[in-house]
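Student: Please put together the full structure from these sequences, using the hints given.
Number of protein chains: 2
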Amino acid sequence: MKFMAMSTSQTKRPRGRPSAFDYEEALEKALLVFWSRGYEGASMAELTEAMGINRPSIYAAFGNKEELFSKALGRYMAGPVAYVAEAMREPTAKQVAEKFLTQSALFLTNESTPRGCMIAVGALFSGEGCERVQQELIAYRQGYENALRKRFELAKTQNDLKQDVNTHTLAKYIATLHQGMSVQAASGATKDELIAIVQLFLSNWP
Amino acid sequence: MKFMAMSTSQTKRPRGRPSAFDYEEALEKALLVFWSRGYEGASMAELTEAMGINRPSIYAAFGNKEELFSKALGRYMAGPVAYVAEAMREPTAKQVAEKFLTQSALFLTNESTPRGCMIAVGALFSGEGCERVQQELIAYRQGYENALRKRFELAKTQNDLKQDVNTHTLAKYIATLHQGMSVQAASGATKDELIAIVQLFLSNWP
DNA sequence: CAAATAATGTACCGATCGGTATCTATATAA
DNA sequence: TTATATAGATACCGATCGGTACATTATTTG
Chain A
1214 MKFMAMSTSQ TKRPRGRPSA FDYEEALEKA LLVFWSRGYE GASMAELTEA
1264 MGINRPSIYA AFGNKEELFS KALGRYMAGP VAYVAEAMRE PTAKQVAEKF
1314 LTQSALFLTN ESTPRGCMIA VGALFSGEGC ERVQQELIAY RQGYENALRK
1364 RFELAKTQND LKQDVNTHTL AKYIATLHQG MSVQAASGAT KDELIAIVQL
1414 FLSNWP
Chain B
1214 MKFMAMSTSQ TKRPRGRPSA FDYEEALEKA LLVFWSRGYE GASMAELTEA
1264 MGINRPSIYA AFGNKEELFS KALGRYMAGP VAYVAEAMRE PTAKQVAEKF
1314 LTQSALFLTN ESTPRGCMIA VGALFSGEGC ERVQQELIAY RQGYENALRK
1364 RFELAKTQND LKQDVNTHTL AKYIATLHQG MSVQAASGAT KDELIAIVQL
1414 FLSNWP
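Chains as they are written, first to last, in our numbering: chain A, 1214 to 1419; chain B, 1214 to 1419.
Simulated from the structure, these hints should not be mistaken for laboratory data. Don't take every hint at face value.
Listed below are the simulated BS3-like cross-link pairs for lysine-lysine, each with C-alpha atoms no more than 27 Å apart in a straight line [stated by the list, open to error]:
no., chain 1, residue 1, chain 2, residue 2
1, B, 1363, B, 1375
2, B, 1369, B, 1404
3, B, 1375, A, 1404
4, A, 1363, B, 1363
From a predicted model like this one, the values you see are computed outputs, not experimental measurements.
Tutor: Structure follows, in structure tokens:
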């Protein structure tokens, strides 16, 4: 494992030759390859090229392709899609939905990153040997859907949502809309088109 | 190209050795492999195995992997997803949407076929050399979205839909919902959960 | 029958796949 | 300086990728 500086205390440098690359920068490059190519479509050759590191150094620092993908997903969660967790902290249920979907519309069509969400539409149909990656992505999808549901359950206790609202279905509906928007973005839909979809949804808020 | 019997007139058999397999049956097997594995994830080895044909016979009868995929897509359109074109012929716009989405909920979670729609969520993120397949799938997605839009435009001329309805957005919204449901189905959602989503949408019909 | 034609089966092609053995270079510790 | 530890670079591994050459087999034509 490579050396990682502690944030709080000054640490002695490790004994061997120091790394010539920055761990987080390299992971960011890997993330962009996986994001645009998918897990299967990203070859180690392309990853190596993009990360600017020799292949044995990748394996030493990040593990195999599957582990590298997991670590890239972690960085994806903490970076590009951190807005999802933030949206949950909006004061009302409707504002949570509005923030989540509006930010998604912008994010999914951002011109400086690949179109579509890695988690929403990654590894849906895959070849043999991708089961772990598929399950990991399914768990992440469940994760934000559950976060929405719990937030809506909270809203019900605050009389922010009517008692007859089915939070399970509402959360799944919003997750479904987000996943569909991800397909639309990857298929060429514009930011304005996705915003129009979000507004149509919000105009019928329960 | 292999021999294909004419439907109307009795045709003389061709000169060489006759095919040992049925063209449409073999294509159906190929379709199921592409459907569950995706274009990239389906290897020629797995296709060969499933189709029960030697590899040179596949190439002779169907062309290369890309052409085989296109032909399988054609069979998919004429078979499993023929319900989409049928839904367009429902008498009212709301019934079109209801039929399309309800049938989709059943179709996407059908236990005898792979989960999710090949067209809706196929080849979203892919490696190099898949551009043609990606574009073909995008065109199919546009196809059913356009069919919905035109059907809703017709509904407006019949005073079946209010004049202030944006048919472009409504069609894209329904397509987006369908694509999201495809992700949900591939991620393990049940038929009842998808039906609940469809009903929530229909309860807010414009 | 033989000639012609077309599909099958085997065996193989070069390219690329993910992953690694090994040697060298650069650092710290004693 | 010498020993130790870790990273970089090269070159390679067996497996699999999509695709095909070629000989064989089965059929129709003459």
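Student: Holds or violated: are the alpha carbons of residue 1363/A and residue 1363/B at most 27 Å from each other?
Tutor: Violated, because 39 Å separates the two Cα atoms, which is more than 27 Å.
Student: Within a Cα-Cα threshold of 27 Å, do residue 1375/B and residue 1404/A meet the stated pairing?
Tutor: OK: residue 1375/B and residue 1404/A at ~26 Å, within 27 Å.
Student: Are the Cα positions of residue 1363/B and residue 1375/B separated by 27 Å at most?
Tutor: holds (15 Å)
Student: Sort out whether residue 1404/B lies within 27 Å of residue 1369/B, counting only the CA atoms.
Tutor: Since the Cα atoms of residue 1369/B and residue 1404/B sit roughly 32 Å apart, the hinted pair is violated (cutoff 27 Å).
The earlier numbered hints that this structure contradicts are 2, 4.
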